[in-house]
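As given, the protein sequences belong to chains A and B, one line each in that order. Be aware that the first sequence starts at 36, since it is given in my numbering, and climbs by one per residue. Be aware that the second sequence starts at 36, since it is given in my numbering, and climbs by one per residue.
Just so you know, these hints were derived from the structure itself, not from any lab. Possibly wrong hints are sitting among the right ones.
[Unchecked claim] Partner residues aside, some chain A positions facing chain B, computed with beta carbon under 7 Å: (1) 170; (2) 286; (3) 289; (4) 412; (5) 453; (6) 454; (7) 455.
[Said to hold, decoys possible] Straight-line alpha carbon distances no greater than 27 Å define the calculated DSS-like cross-link-like pairs of lysine-lysine that follow: (8) B:153 <-> A:382; (9) B:109 <-> B:120; (10) A:109 <-> A:120; (11) A:235 <-> B:382; (12) A:331 <-> A:345; (13) B:235 <-> A:382; (14) B:192 <-> B:113; (15) A:153 <-> B:153; (16) A:69 <-> A:153; (17) B:382 <-> A:153; (18) B:69 <-> B:121; (19) A:331 <-> A:382; (20) A:120 <-> A:69; (21) A:280 <-> A:331; (22) A:69 <-> A:109; (23) A:235 <-> B:239; (24) B:331 <-> B:109; (25) A:280 <-> A:235; (26) B:235 <-> A:235; (27) B:192 <-> B:120; (28) B:192 <-> B:239; (29) B:382 <-> B:331; (30) A:382 <-> B:239; (31) B:192 <-> B:109.
Ideal Cβ positions, reconstructed from N, Cα and C, are used throughout, including at glycine.
There are 2 protein chains.
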Amino acid sequence: MSTTTITDVPAYCEQLADAAVAASHTLVTLSGAKRAAVLHAIAQQLIDRTDALVEANAADLAQADELGLTNAMKDRLKIDPARVKKMADSVAQIADQVDPVGQIIDGFVRPNGLRIEKVRVPIGVTLIIYESRPNVTSDAAALCIKSGNAVILRGGKEAIHSNAAIAGIVREALQAEGVDPNTVQLVGTTDRSVVGELLKMDEKISVVIPRGGESLIRAVVEQSRIPVVKHYTGNCHVYVDSGAKDLPEGMARDIVVNAKVQRPGVCNAAESILFHADVPELLIESCIALAENSVKLRVDAHAAKLLEGKVDTLEADESDWLAEYLDLIVAVKVVDSLDEAVAHINKYGSKHTDAILTSDTFAADRFVQQVDSADVMVNCSTRFSDGGEYGLGAEIGISTDKLHARGPMGAADLTTYKWVVRGNGQIRE
Amino acid sequence: MSTTTITDVPAYCEQLADAAVAASHTLVTLSGAKRAAVLHAIAQQLIDRTDALVEANAADLAQADELGLTNAMKDRLKIDPARVKKMADSVAQIADQVDPVGQIIDGFVRPNGLRIEKVRVPIGVTLIIYESRPNVTSDAAALCIKSGNAVILRGGKEAIHSNAAIAGIVREALQAEGVDPNTVQLVGTTDRSVVGELLKMDEKISVVIPRGGESLIRAVVEQSRIPVVKHYTGNCHVYVDSGAKDLPEGMARDIVVNAKVQRPGVCNAAESILFHADVPELLIESCIALAENSVKLRVDAHAAKLLEGKVDTLEADESDWLAEYLDLIVAVKVVDSLDEAVAHINKYGSKHTDAILTSDTFAADRFVQQVDSADVMVNCSTRFSDGGEYGLGAEIGISTDKLHARGPMGAADLTTYKWVVRGNGQIRE
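Using the sequences and the accompanying hints, generate a full structural model.
The structure is reproduced here in C-alpha cells:
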C-alpha cells in the first residue's frame, strides 16, 4: 500500500477491482455487530497511532510547497492530534448509527400468494476520488464498512503519505477482526491513468463518488461508464420575501449574514441574496450588516439605488448570478415577486440549497414546491444543508443529481435494494 | 410532431429540452387529481380514435419489409383494436395508482428545532429511447405524467407513424385539460444524430432510460453525460438445491419448465439451470420435461452422464454459462454445493433474476443474502420478475444497475426527493 510505480496500469486496476468484488461478496454475510466492531477497532487504532499519523502527514506537508499548495490547502491537508481525535470520533459515531443493511423498505403479498419484500443491501464496490483532506480516507472507509461495501479510494498526491497511513490502519483493523482487508483499498500510485482505467470498469464497480473541485468532477463524468453521484457547485440563494417584514426583528438580517459569512468557503454558503421590492428596509439593514462583516456587494441597479450613500457596492452583471464565490462576496438583486425569485433560482442556481425567509405560509409552500433544488429551506440558514446537521453522521458526499440520492449522503445512501420474492410453487400461466 | 428533416440538429434538441424544462416547472404545481384526469382523458381518446391508430400503424407495417423487420418484430409493431384497448387500460390503471408525488419518505426534528422532511418530487425531464413496440409511447407518457415529469420520447423509425399518432393524442389531451402539451414530446425525426445531441444535455435532462437491444443500450451509456437507468441482458438462473428433494412432488420440475418455456423470448426467462449433485432424479425429471417442451439442452459433463440414453444433449462450454438465449435452449450444470451455485451465478449471471428451489430455510436465506441480483426468488418461477406481477402497473423499464432503482421500475421510480427544512430563525454557530 505504499507509493509505487505501476508498469501495467490496466492489470493493476483489474487486480484492485477483482479484490474489491471478492471482498464485497464476503461483506454481505457479515452481521451489523461485526461491522460496528471493526469500526470501533479502527477508531481506537487511529487514536493509539496518532504519532505515526502526524509523522506521515509531515512527509506530505514537506512536499506541499513543491506541489504549489496554497495556505488554505495546506491547512486542509494538516493532521494534528486534535484532528486525529475528530477522525476517530467520526468513525466511532458511524459505528453506532442504525444499520441500514437489511432494512425492509417495502413489503406486501400478491393475490397469488407471492410474498414480496424490498430489502436494503450494500451497493457492492464503490470508488471514491478525492482531493486534499485526509479525513475523507477514514470517513469514506467507515461509511463503506458500515454499509457493507468494498471501496477503492483514490486520494490526491498531495496527501498520499497521510492517506496511506490511515488506510494502513484501517486494513490492519479489518484483518485483526477477520474481515477481508481488501474491503478498503487505497490506490497506491499517483499515476493519473489509473483513474481513467478504473472508470471503465462498470461491470465491477457500481458507483463512483468524486469529491473535489468542479474540473475534477467534470473529468470523472466525461470519462466514466460507471454511474457517478456528484455535485459540481453550490450557488445557494436566500430569498427575502415580502412576507419577511412580519418576521421577528433582525431575524432576516441575521440569517442572511449567517448564510454568507459563517463559513464562506463551503458549498452551502449563500452566494446570491434576492430581496422582494416590498422590503427595502430589510435589504438595507442586511446589506449594511454584510458590509460590516467585510462582505463585498455586487448589486443590481435597484439595490444600488437603495444602498446609495449607505454602503459601497459594485454593479452586478450576468456572471454574478451564476457565481460560486466561495469568498466574502455576495450578489444582491431585487425581484418584484416570488415567481421572479423562483424563476431566477431555477435558472441561475445549482440545485443545491436555497432558502426563503417569510412569515407567509402560502409563499413558503409555493417556494418549497417550485424551487428545484436538493435542499429547500424556510426561515433558517443555508449552512444547515449538511449531513452532520441532518443527523446522518459523516457525509460520503453531496448530490445535486436527481438519481439515487439528493443532498447530503450518509451510509444509507451507499445501499441499494433487492427484491426478495418468496413463493410456494407459483408458476406463471 | 410529424416526421420532418431537421437542418440544425443542436438547435432542434435545445428547443426540445427547453420546452421540456419549462413544462416540468409547471408540472410540479399540478394536483394529483389533475394528473389523473389527464390520464383518464388520454385512455378515453385512445379508445375513441382506435381507427386512426390502426391506420397510422398500417403505414409503419407497409414499410416493415423495406426496413428488414422479422416476423417477430412485425408482430411487436402491430396495433389492432385489442391492443389499443390494452394500451388504454394500462393508462387508466396508471391513473388510478397511488400518487407518488409528495409522499414523505422520512421526517424528524433536530435538537435545534429544525423540522426536516424528505419529500418525493418529480425528477424533472426524462428521456426515453426505445425500439419497436408502440405501446411504450403511451406507457412511458402515462408513467411520466403520473409522476409529474416531462418526457422526451425517441422511438424507432420502424414505428414512427404509430408513435406520432399516439403522442398526438396524448398532447391533445394535455392541452384540452389545460396542461402544457410539451409535457410529452416525441422526437419528430429519425435523424440518428439527435440522440447523441440530447445525451449531452445533462443540465436539462435528468435521466435517460434506454429500452431495447443490448447494442442500443451500450451506445447510450457510451455517449451519455446524463445518468442512465438500464438493463443489458437477462441471464437468469434457477438453482435446484439439495433441499429441493423434500418439496412437493413435481414442484421443482414445474417451476424449471415454467421459467424456461412459458415465454422464452423475454428477459426474465431462465437461461441456466443449476442442480445440486444430490438431486440427480430432479435433474433427470426436469430435463426430460424440458425436452418434451422442445427445449434444447446444453449440459456439463456430469449432467450429460446422468442424462445419457434419456434425452438428447449437447456439450456446454463457457459461452453457454454467459448466454442469454431468448429461445428454447437452456444450459444445465451440476454443482456440488450452494456456495458453488452462488459463485457461478455471481460470476456468469446478469444480476437480473435468480431463483432457488428448496425446502431448506437456511439454504434459502443464504441464497437470498449472497446472490447479487436485482430479484432473488425462492420456490417460484423467475417469470414473476415483472412490474405488473409486482403490482407496480406498467413498467418504465427494468434496472440491473444498483443506483436509484433496481429491478422493475414503476411511477415512483420516476421520482427523486427533496430535503425540506423548516426553521424559526436558526443560524449556525
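Structure-based check of each hint:
1. Restraint check, residue 170 of chain A versus chain B: the minimum CB separation of about 20 Å is more than 7 Å; hint violated.
2. The criterion of a C-beta within 7 Å of any C-beta in chain B is met by residue 286 of chain A, whose closest approach is roughly 5 Å, and the hint holds.
3. Look at residue 289 of chain A: its Cβ gets to within about 6 Å of chain B, closer than 7 Å, so that hint holds up.
4. For residue 412 of chain A, the suggested interface contact is upheld, since its CB lies about 4 Å from the closest CB of chain B, less than 7 Å.
5. Below 7 Å, beta-carbon pairs count as interface contacts, and residue 453 of chain A has one with chain B at about 6 Å; its hint therefore holds.
6. Hint status for residue 454 of chain A: holds, given a least beta-carbon distance of 4 Å to chain B, under 7 Å.
7. Residue-level restraint check for residue 455 of chain A holds (minimum Cβ-Cβ distance to chain B is 5 Å; threshold 7 Å).
8. For the hint linking residue 153 of chain B to residue 382 of chain A, the alpha-carbon distance of about 23 Å falls within 27 Å, and the restraint holds.
9. The suggested pairing of residue 109 of chain B with residue 120 of chain B holds, with an alpha-carbon distance near 19 Å, which does not exceed 27 Å.
10. Between the alpha carbons of residue 109 of chain A and residue 120 of chain A the distance comes to roughly 19 Å, so the proposed pair stays at or under 27 Å and holds.
11. Annotation: proposed proximity of residue 235 of chain A to residue 382 of chain B holds, straight-line Cα distance about 18 Å (limit 27 Å).
12. Only pairs whose Cα atoms come within 27 Å are accepted, and residue 331 of chain A paired with residue 345 of chain A is accepted, the gap being roughly 13 Å.
13. With a C-alpha separation of about 18 Å, the suggested pair residue 235 of chain B and residue 382 of chain A falls inside the 27 Å cut-off, and the hint holds.
14. Using a Cα cut-off of 27 Å, the hinted pair residue 192 of chain B and residue 113 of chain B holds, with the two alpha carbons roughly 14 Å apart.
15. For the hint pairing residue 153 of chain A with residue 153 of chain B, the CA-to-CA distance comes to about 19 Å; that is within 27 Å, so the pair holds.
16. Proposed proximity of residue 69 of chain A and residue 153 of chain A is supported: the alpha carbons are some 23 Å apart, at most 27 Å.
17. Restraint check: the Cα-Cα separation between residue 382 of chain B and residue 153 of chain A comes to about 23 Å, which is no more than 27 Å; the hinted pair holds.
18. Distance hint between residue 69 of chain B and residue 121 of chain B is fulfilled; the C-alpha atoms sit about 23 Å from each other, no more than 27 Å.
19. The suggested pairing of residue 331 of chain A with residue 382 of chain A holds, with an alpha-carbon distance near 23 Å, which does not exceed 27 Å.
20. Simply put, residue 120 of chain A and residue 69 of chain A have alpha-carbon atoms about 23 Å apart, close enough for the 27 Å limit, and the pair holds.
21. With a CA separation close to 24 Å, the supplied pair residue 280 of chain A and residue 331 of chain A stays within the 27 Å bound.
22. In summary, the hint linking residue 69 of chain A to residue 109 of chain A is not supported, as the alpha carbons are separated by about 36 Å, beyond the 27 Å threshold.
23. Proposed proximity of residue 235 of chain A and residue 239 of chain B is supported: the alpha carbons are some 25 Å apart, at most 27 Å.
24. A C-alpha spacing of about 26 Å is found between residue 331 of chain B and residue 109 of chain B, which places the hinted pair at or below 27 Å, so the restraint holds.
25. As the CA atoms of residue 280 of chain A and residue 235 of chain A are separated by approximately 54 Å, the hinted pair breaks the 27 Å bound.
26. A hinted pair counts as satisfied when its Cα atoms are at most 27 Å apart, and residue 235 of chain B with residue 235 of chain A qualifies at roughly 19 Å.
27. A distance of roughly 24 Å separates the Cα atoms of residue 192 of chain B and residue 120 of chain B; the hinted pair therefore holds under the 27 Å criterion.
28. Proximity of residue 192 of chain B to residue 239 of chain B is assessed by CA-CA distance (about 25 Å); at most 27 Å being required, the pair is judged to hold.
29. The hinted pair formed by residue 382 of chain B and residue 331 of chain B meets the criterion: a straight-line CA distance of about 23 Å does not exceed 27 Å.
30. The suggested pairing of residue 382 of chain A with residue 239 of chain B holds, with an alpha-carbon distance near 11 Å, which does not exceed 27 Å.
31. For the given pair, residue 192 of chain B sits about 13 Å from residue 109 of chain B by alpha-carbon distance, which is consistent with the 27 Å threshold.
Violated hints, in rising order: 1, 22 and 25; the structure is consistent with all others.
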